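K.L.:
Letter 387 of the sequence shown, counting from 1, is numbered 431 in my numbering, and no numbers are missing.
One or more hints might be untrue.
Unchecked claim - Only pairs whose alpha carbons sit at most 27 Å apart, straight line, appear in this in silico BS3-like list of lysine-lysine:
#: 1; residue 1: K252; residue 2: K224
#: 2; residue 1: K224; residue 2: K262
#: 3; residue 1: K177; residue 2: K144
#: 4; residue 1: K262; residue 2: K276
#: 5; residue 1: K328; residue 2: K459
#: 6; residue 1: K224; residue 2: K276
#: 7; residue 1: K254; residue 2: K276
#: 8; residue 1: K231; residue 2: K477
#: 9; residue 1: K231; residue 2: K179
Hint data in this document are derived by calculation from the structure and do not stem from the laboratory. This structure is a prediction, so every number in the text was calculated from the model and none was measured.
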Amino acid sequence: MDAWIKINKKRIWYGFALFLTTILVILYFVPMNFPSRVQRAQALMNEIYQDEQEIYLAENVTIHKIQDLMNVTNRLAGDVGQDLQTKANLALCKFRNLQKIKYFVDSQHTDINNPKLEQVSLNAELSPELWAKHKDLYVWPVQDAFTQQIDHIYELVEEAWLPLNQAHQLVNDLADLPAKDNQQVLKQVQTMLNIEELLNQAADQGLKEKINQQYLQKVDHYMQSMLQDPDKFSDQILSNLYQADAVLPYIMDTPLDYRPKVAVTFDDGPNEDFTPQILDILDKYQIKATFFVVGRNVDQVPQVAQEIIARGHDIGNHSYSHPTFLEMTDDEILWEINATQDIIENHTGYRPKLYRMPFGDGGRHVYELIDNMTSTMWNTDTNDWYFETPEEIYEYTLPQFDRDMLMLMHDTSQKSVDAFEQILQALVDQNYKFVSPNELEFNERYREIGNYAQYE
45 MDAWIKINKK RIWYGFALFL TTILVILYFV PMNFPSRVQR AQALMNEIYQ DEQEIYLAEN
105 VTIHKIQDLM NVTNRLAGDV GQDLQTKANL ALCKFRNLQK IKYFVDSQHT DINNPKLEQV
165 SLNAELSPEL WAKHKDLYVW PVQDAFTQQI DHIYELVEEA WLPLNQAHQL VNDLADLPAK
225 DNQQVLKQVQ TMLNIEELLN QAADQGLKEK INQQYLQKVD HYMQSMLQDP DKFSDQILSN
285 LYQADAVLPY IMDTPLDYRP KVAVTFDDGP NEDFTPQILD ILDKYQIKAT FFVVGRNVDQ
345 VPQVAQEIIA RGHDIGNHSY SHPTFLEMTD DEILWEINAT QDIIENHTGY RPKLYRMPFG
405 DGGRHVYELI DNMTSTMWNT DTNDWYFETP EEIYEYTLPQ FDRDMLMLMH DTSQKSVDAF
465 EQILQALVDQ NYKFVSPNEL EFNERYREIG NYAQYE
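Produce the entire structure from the sequences given, and follow the hints as far as they go.
P.N.:
Below, the structure is given as structure tokens:
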């Protein structure tokens with residue numbers, strides 16, 4: 045009997061313990077809005093958010109704190125529970141998406157808490173692999189001001205990264221050596237141009253410089269190989285090649301240099317008003333020119349002739365009074381040239397080696413008469429003396445651009461000055477190489493009357 049009583053007591057205690065355990069489990073796991081739970085959830089919410097509206101995460105928030113909040117809110121029921129669970133899920137989503145963005149940006153130089161942020165600095169360690177792993181943001185359960193701010197930051201990151209990512213991939217794909225087939229080389233050169241275009245679009249200087257250094261290393265190997273056998277490459281390849289900025293240091297003044305050439309010359313100066321403006325424009329573009337001066341003008345404004353020489357330009361002889369040599373005796377022609385030689389030398393210390401016949405007239409006879417200097421003609425006439433506006437001069441000259449240009453202008457009017465800068469900018473944009481007249485293939489020394497184009 046006593047044994048039976050003992051057994052029943054144990055069963056009662058076990059049953060009671062099981063009952064209590066069941067009650068406790070129910071109380072713990074079954075959603076119920078106990079005041080303590082609601083208060084705990086709200087207390088955690090206050091720690092996670094920095095504002096009363098529960099929009100902006102606190103700077104020191106941790107994933108563990110958010111997980112604690114989710115554990116509490118998951119044990120709440122009804123509208124209160126659903127509202128707090130949504131806020132907890134949103135907090136988790138904000139935290140995770142911010143963590144993703146932190147993989148992409150340089151936190152020291154990018155304030156991701158700034159709602160007016162307009163530019164980001166990318167993480168120097170950002171790579172295509174890191175981007176692919178973290179680029180997809182978690183979907184927001186609901187939207188608010190902070191989610192919109194995070195979306196905006198992500199858009200800025202994407203805008204900054206995508207051209208760099210494309211450039212990075214193209215650099216990896218770029219061959220170290222030129223292909224054997226010219227068509228394949230053309231494709232390789234086009235890849236270089238695409239890389240440079242993408243890098244020019246990129247705003248982030250840190251990663252841009254890193255990728256650019258990788259690109260330059262490949263270009264170095266590539267160009268050193270091209271220079272070993274420059275004759276094997278087609279004119280089209282060479283023409284495309286000089287459009288790539290990274291390539292220019294390798295091809296300038298080498299057999300690969302396929303840039304068109306131009307020699308810039310001015311007649312009939314010096315002029316006190318207009319020649320200095322021309323000199324300033326030439327300085328701006330770091331380009332040298334040749335000025336074929338008239339002797340009597342040098343006598344009138346010797347300081348301008350001196351300035352031409354001082355700034356590193358060349359002076360040529362354009363006669364003393366700008367007559368037509370066709371109507372003069374040999375002695376008169378020689379006087380025009382020799383007197384001007386002496387005037388230029390007296391005022392500048394320089395004795396010209398080049399001369400240009402006034403109006404281009406004189407033909408073979410004058411060419412043979414003045415045998416101690418080099419006659420210089422032209423093959424690109426701007427006709428700036430004829431047209432009334434800079435725009436007309438520019439529009440007339442542009443179609444004459446060719447691979448070997450000896451260009452004639454005059455430093456005697458404001459319209460010529462204004463047109464010259466437009467023409468010069470166009471030449472620079474088209475990668476012309478600026479040379480002296482004697483460096484051109486064009487070497488025509490005289491023309492007989494009727495053998496060269498007049499303005500029509």
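K.L.:
Quick one: which hint numbers does this structure break? Sort them smallest to largest.
P.N.:
The structure conflicts with hints 1, 7, 9, although it agrees with all the remaining ones.
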